[in-house]
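Listed in order, the protein sequences are those of chains A and B. Letter by letter, the first sequence follows residues 1 to 289 of my numbering. Letter by letter, the second sequence follows residues 1 to 266 of my numbering.
Just so you know, these hints were derived from the structure itself, not from any lab. The beta-carbon is built from N, C-alpha and C at its ideal position, and this holds for glycine as well. Check the hints yourself; a few may be wrong.
[What the hints assert, rightly or not] Chain B side only, calculated, beta carbon under 8 Å to chain A, not exhaustive:
id, residue
1, Met86
2, Glu88
3, Ser115
4, Ala126
5, Ile135
[What the hints assert, rightly or not] As a list, the in silico DMTMM-like pairs of lysine to aspartate or glutamate whose alpha-carbon atoms are at most 20 Å apart:
id, chain 1, residue 1, chain 2, residue 2
6, A, Lys141, B, Glu88
7, A, Lys154, B, Asp155
8, A, Lys154, A, Asp227
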Amino acid sequence: MASEYNFAYLDEQTKRMIRRAILKGVAIPGYQVPFASREMPMPYGWGTGGVQVTAACLVPEDRLKVIDQGADDTTNAVSIRRFFQRTAGVAVTEATADATVIQTRHRIPETPLTEGQILVYQVPIPEPLRFLEPRETETRKMHELEDYGLMHVKLYEDIARHGQIATAYDYPVKVEGRYVMDPSPIPKFDNPKLARNPAIQLFGAGREQRIYALPPYAEAVSLDFDDYPFTASKADHQCDLCDASGSYLDEVITDDQGSRMYVCSDTDFCRGRREAGHVGRLGGGEAGQ
Amino acid sequence: MKDLDIWTSMKTQPLLSVQGLSKFYGARIGCDAVSFDLYPGEVLGIVGESGSGKSTLLSCLAGHLAPDTGKVIFDTVDGPRDTVVMGEAERRRLARTDWAYVHQNPRDGLRMGVSAGGNVGERLMAVGARHYGDIRAQAVDWLGRVEIAADRIDDRPSAFSGGMQQRLQIARNLVTGPRLVFMDEPTGGLDVSVQARLLDLLRGLVREMGLSAIIVTHDLAVVRLLADRLMVMKGGYVVEQGLTDQVLDDPQHEYTQLLVSSVLQV
Chain A
1 MASEYNFAYL
11 DEQTKRMIRR
21 AILKGVAIPG
31 YQVPFASREM
41 PMPYGWGTGG
51 VQVTAACLVP
61 EDRLKVIDQG
71 ADDTTNAVSI
81 RRFFQRTAGV
91 AVTEATADAT
101 VIQTRHRIPE
111 TPLTEGQILV
121 YQVPIPEPLR
131 FLEPRETETR
141 KMHELEDYGL
151 MHVKLYEDIA
161 RHGQIATAYD
171 YPVKVEGRYV
181 MDPSPIPKFD
191 NPKLARNPAI
201 QLFGAGREQR
211 IYALPPYAEA
221 VSLDFDDYPF
231 TASKADHQCD
241 LCDASGSYLD
251 EVITDDQGSR
261 MYVCSDTDFC
271 RGRREAGHVG
281 RLGGGEAGQ
Chain B
1 MKDLDIWTSM
11 KTQPLLSVQG
21 LSKFYGARIG
31 CDAVSFDLYP
41 GEVLGIVGES
51 GSGKSTLLSC
61 LAGHLAPDTG
71 KVIFDTVDGP
81 RDTVVMGEAE
91 RRRLARTDWA
101 YVHQNPRDGL
111 RMGVSAGGNV
121 GERLMAVGAR
131 HYGDIRAQAV
141 DWLGRVEIAA
151 DRIDDRPSAF
161 SGGMQQRLQI
171 ARNLVTGPRL
181 VFMDEPTGGL
191 DVSVQARLLD
201 LLRGLVREMG
211 LSAIIVTHDL
221 AVVRLLADRL
231 MVMKGGYVVE
241 QGLTDQVLDD
251 PQHEYTQLLV
261 SSVLQV
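Based on the provided sequences and hints, a complete structural model is requested.
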């Protein structure tokens with residue numbers, strides 16, 4: 001416990017300001033609420049938005065889980081978890097089901113979330129129209145007027161150039177039939193999990209100073225064409241450690257000869273399966289050869 | 001076919017009725033007290049020297065600028081409506097469906113980072129088309145109509161010549177079958193032989209689709225070829241208007257006389 005910091009690093013007035021933005025975001029699903037993002041003791045792009053949202057949501061009884069690309073043990077995840085252990089003194093966990101607040105970068109956990117959990121996303125660029133329309137005044141106007149034809153131009157270009165919708169992450173969704181939303185760079189495999197999720201999903205973009213949200217059970221439809229429907233794609237393999245076939249996989253190069261293995265990107269999910277006795281192609285070693 | 005119906009059944013009612021339109025830039029006049037009616041299928045030319053207010057007038061008509069006074073009444077599918085006071089959402093819907101706007105510089109009207117097919121398809125997708133095959137088929141069709149080879153459909157406009165870019169911009173605008181086209185110096189910046197082909201194309205499309213058009217230009221040859229009626233502007237005021245041939249062959253106002261006599265005869 002570190003008493004030299006206010007609980008969860010930010011001062012109470014700042015947390016109040018962020019909570020107001022979060023409440024507004026939850027009230028208007030998919031709408032980007034501006035907020036006065038603070039300097040955090042980490043560089044932009046490392047999750048300053050997500051950290052501020054997490055700080056505003058935490059209470060002393062919470063149990064926090066932090067993942068980066070699905071993994072609990074990567075630099076970003078470890079340092080943010082330690083940050084909140086030090087500044088808030090909250091309990092931490094790696095088990096998805098035990099966590100009350102989960103801060104994530106680029107993944108939604110494989111284990112289904114439940115009511116009462118909060119999933120906080122780190123968002124680099126909150127504006128789904130940004131790369132098509134560089135003017136902020138114009139993109140706001142387009143959201144205001146539901147002028148979303150441009151979004152499909154991007155998908156059209158994908159098909160024209162690659163023969164299919166090649167957008168594999170950051171795949172835009174339409175929320176509750178109104179706002180088009182950028183789901184942060186999660187793989188499109190995770191898009192179906194955005195929709196009708198029992199957990200509260202909050203998105204924080206620190207540098208861009210925007211917060212938006214999906215309240216529990218909100219609808220989020222991935223954009224597509226009638227003749228090129230949305231598909232939640234993943235590598236066509238099984239996990240080499242836990243043999244899971246339905247989880248999102250990372251491809252790992254293992255030597256200079258082009259050998260590779262596929263492992264679950266969600267480390268907690270993978271460990272859980274191995275502990276339950278599932279063994280993949282290369283999973284024998286750890287199980288005690 | 002739809003356009004023919006409009007031509008026959010609604011000819012008595014103006015498509016666009018402009019009443020006392022004024023726009024001031026501070027103390028300076030943009031355009032003042034402009035009134036005219038445009039009937040379905042009619043092409044109106046607006047000529048005048050640089051700074052005479054013709055582009056200001058066009059921007060006010062197309063909703064890009066808000067006029068200070070006056071009415072711009074457009075005959076929408078729900079009956080005549082004043083576009084100056086209607087909401088932004090509704091005006092944009094008009095701009096995507098019933099209106100088209102051809103910029104002088106194709107770079108202003110095209111998305112340079114998006115392929116030709118995407119450029120043509122954008123308006124279709126904006127009004128709700130969600131079938132890739134259909135959108136592409138329409139894009140191919142329209143590229144053909146503006147004489148761009150179908151195998152250029154996936155090229156970006158930056159790989160096109162100036163004349164092709166301008167033709168692409170026209171295709172992109174006409175794909176949703178608008179009823180009124182605003183053109184701001186559509187042939188500006190093109191060499192004369194390309195101009196001639198573009199004018200030929202425009203004339204064909206206007207006649208074939210029964211389009212109404214308002215063409216702003218300083219090139220009298222363009223209006224002679226395309227326009228049924230002509231409005232001459234100077235210093236923000238309309239100084240003369242009438243049938244194109246009448247105004248050009250028998251100019252009454254001194255400025256019009258100057259304008260007509262300034263054209264080089266080769």
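How the hints compare with the structure:
1. Met86: violated, 13 Å
2. Glu88: For Glu88(B), the interface hint holds, since the closest Cβ of chain A sits about 6 Å away, which is under 8 Å.
3. Ser115: holds, 6 Å
4. Ala126: holds, 3 Å
5. Ile135: holds, 7 Å
6. Lys141(A) - Glu88(B): holds, 9 Å
7. Lys154(A) - Asp155(B): Between Lys154(A) and Asp155(B) the Cα gap is close to 15 Å, so the pair holds against 20 Å.
8. Lys154(A) - Asp227(A): holds, 16 Å
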